[in-house]
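K.L.:
As a plain string of letters, each chain reads:
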Amino acid sequence: MGYKENDERFLMTEVNGPETEVPMNRRKAVKAFVGLGLATALTDCTPASGGGGPAGEIPGPPPAQGPQLEPEPQATLSLDEHEHPVDGDVLVFALGTRKGEVVTPADVPLNGPQIFAYAGDADGAHGASDASRLDQIVLLRLDPLNLTEETSHHAADGIVAYSAICTHEGCDISDWSTENRRLICPCHDSEFDPTDNGQVTEGPARRRLAALPLKLVEGQLVVAGGFTGRVGFRSP
Amino acid sequence: MKLDRYWAAIRLMFLIVLVMPGPGIAQQSAKSYRVVTDERLKEPEPENWLFYRGTYNGWGYSPLEQINSENIGSLVPVWAFSTGVNGGHEAVPIVNDGIMFVTTPGNQVIAIDARTGDLLWLYQHELAEDAIAYHYTNRGVALYGDKVFTATLDAKVVALDATSGEVVWDASVADNAAGYYMTLAPLTAEGKVMVGVSGGELGIRGFVVALDTETGEEVWRTHTIPAPGDPGNETWPGDSWRTGGAAVWLTGHYDPDLGLTYWGTGNPGPWMGDARPGDNLYTNSVIALDIETGELVGHHQYHWNGSWDWDEVSTPLLIDVERDGRVFPALVHPGRNGYLWLLERSADEISFVDAWPYVRQDVFTSIDPESGRPSYDEQKKPGTGFRAPFCPSLWGGKDWPPAAYNPGTKLLYIPVNENLCGSILGREIEYEPGRSFTGAESQMTVWPGAEHIGELQAWDMSTGEEVWTREFESPNWGPVLTTAGNLVFMGGTTDRNFRAFDARTGDQLWEHRTNSGIIGVPSTYMIDGVQYIAVQSGWGVDAASMTRRINRDLGTETFVPEGGVIWVFALQN
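Chains as they are written, first to last, in the numbering used here: chain A, 1 to 236; chain B, 1 to 573.
For the record, the hints were derived by calculation from the structure and aren't laboratory data. Be a bit skeptical, because a hint or two may be false.
To be verified - Quick look at which bits of chain A chain B covers, simulated, 3 or more residues with Cβ under 8 angstroms:
#1 170-177
#2 192-198
#3 206-215
Unchecked claim - Here are some chain A residues the structure puts well away from chain B; computed CB gaps all over 12 angstroms:
#4 Gly88
#5 Ala94
#6 Ile184
#7 Val222
Since this is a predicted model, take the numbers as computed values, not measurements. Glycine included, every Cβ here is placed at the ideal spot set by N, Cα and C.
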């Protein structure tokens, strides 16, 4: 296990790490921070996880790495690595015959089923083209009168958007109950209420779906801000 | 958030201290590790549990008898080990000369001193956060030579050094982004490590692949759905064979005399049969593959054009059965479709002998006495836009938990769920790589007035007689172990108990309450003259889903806490 030495994240740590004065934009800063966390975590974990190194030796303190930053103990790719939607992003179909095309309000049917989409900026500089499965969004149109106040706040003409990733074990939330108006995960039957801010109503998930605020700009469906919570699941 | 990270860092430091092997331990075990040879796998010593079900014939049987039906009352826990993860713990503790190897959800492999419970090493597979896996579990390692093999959720086979846990090689056998993942314990034999793939809900095309145990190089690969030009492809319309499922997510069995491995296959995809008219070979079948070439030399399909999610992935047990004065080498399979199947195996075919229901089954109207092909009540067969009710439920009379066979009692022990029915409604669906490809929604209901769901059934396959049955109010997801001590061990119920029964009478002789529900495969072994029983407790996956659906139907609030623990028991001195 472990990352290859030429992994981009490691290079960023060494070349563009926070201890240097190299200017960087916000997204790069996030990556560099996570990269340093990974490097620290892996240095510590390697013998314990059987990935090499002499067995039987108690490791010393991790090597000094400049300013003391909080280590990120997750050795998996952090969600901070993904491109998060920002105010003004458009939404494009994630699959189907119209994959990659911009979703218009008329494309979202009343009372589901959900449409899978990715967010990205209109000129394609970030987002949809290099998106991970974890970046997927579900879009639904519901009767605005059925939405809770908090949900209404994020909705645009009854259209709501949530992370498409189940907060239990990370499956795509691909099922829809027309009868109960619930988003349902096919893996372990977790159910989420899209009229009530993505609240869990059934199943093993313990955390609601992060909502993605939407707005209409000249009739176009547009992201109004970042996710309201953490996207993804807690790996057991 | 900052405080969380601080504590996470502290916890990490603790973990490092805790899991570091003490000085010299790895070296010591390196000297004493006993390599696993073909000879040993074909005839394992009674004190070891070298393979998923103990032996190649899949019996789940041990000749150890120190712990027996006379003294079982003094069986007590001797050590326990927390796995640190939640989710369904289904893996068998495999033991080779005092060293235990266990896997957990999230693809950890843990090596432990099987007598003391001391940790020897820990391997944590790196899984990408966006890995696709509908069943977050693993069922155990396989051993061969000086290596330990594990199949991972991101469709890799990893070979570890048995003494250090270091990766010797790893090989990707399929593209996880297209929905292929693995949960089974591999099968090792004749210099090969063999695995199959999960993903029957994701539009995969199933296969079994054999890799060289030394190098990880592919030796052969046999798809469970034939390509155009191969016999059986005509049972699939158009391109539907490319995404037709037939996953292989449980360990195969091996007949060394015939040189054949046997594997069960899963349901076709999408779920609705009317989306792919035809028999859909070799879904819901048992197939016989030549160990050297992978050539498919025989098959039997339990039910054609499946529409019920009844994966027939459990591999039949290889048992000699006497029928009408003739003893023949049989394949015995308690089907998810609710029928108990008796087949005959030979060098070039698998032939049907008999089949009968062991739970309420209302789909089959008859079974052809020659071919074993069932006829269906069409009103019980779900279709696109057509919701059909049927029994047993989509989880079947028996799902994946393995049955066991005891050559002393000559009884087959089946972990059963009775009194569950369901319905499925199909809808049209387009294939997208890595996406749910069931095109169906399902419901499950308890038979009105039913007083129990779980059962442990004991069958005499020669007479076709059900000799005894134990009933449990709870559903039953307990894999079965049986021993020469006239015992049957099983957990599987929501009350978190691990139990022992008299193998002849079914009387319950012992129970112990554990941390969580037990869906792990139990094993037994002996060190320095002491026999141990080992099992993981850790409820999750489909056992948890069924429990929730029962709660929904009955209005009950059964709760089973999560969290994995390896339990080891022995007789009190």
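K.L.:
All the hints need checking, so say for each whether the structure fits it.
P.N.:
Comparing the hints with the structure gives:
Here's how the stretch 170-177 of chain A fares: 6 of its residues keep a CB closer than 8 angstroms to some CB of chain B, so the rule of at least three is met and the hint holds. Judged by the Cβ-Cβ criterion of 8 angstroms, the stretch 192-198 of chain A is not covered by chain B as claimed, because only 0 of its residues qualify and three are needed. Counting residues of the stretch 206-215 of chain A whose C-beta sits closer than 8 angstroms to any C-beta of chain B gives 0, which falls short of three, so the coverage hint is violated. With a cut of 12 angstroms on Cβ distances, Gly88(A) stays outside the contact zone with chain B, its closest approach being about 25 angstroms.
Look at Ala94(A): its CB is around 9 angstroms from the nearest CB on chain B, not clear of 12 angstroms, so calling it non-interface is violated. Taking the minimum C-beta to C-beta distance to chain B, about 8 angstroms, the non-interface status of Ile184(A) is violated against the 12 angstroms cut. No beta-carbon of chain B comes within 12 angstroms of the beta-carbon of Val222(A); the shortest separation is about 26 angstroms.
The structure fails hints 2, 3, 5 and 6 (numbered hints given earlier, in ascending order).
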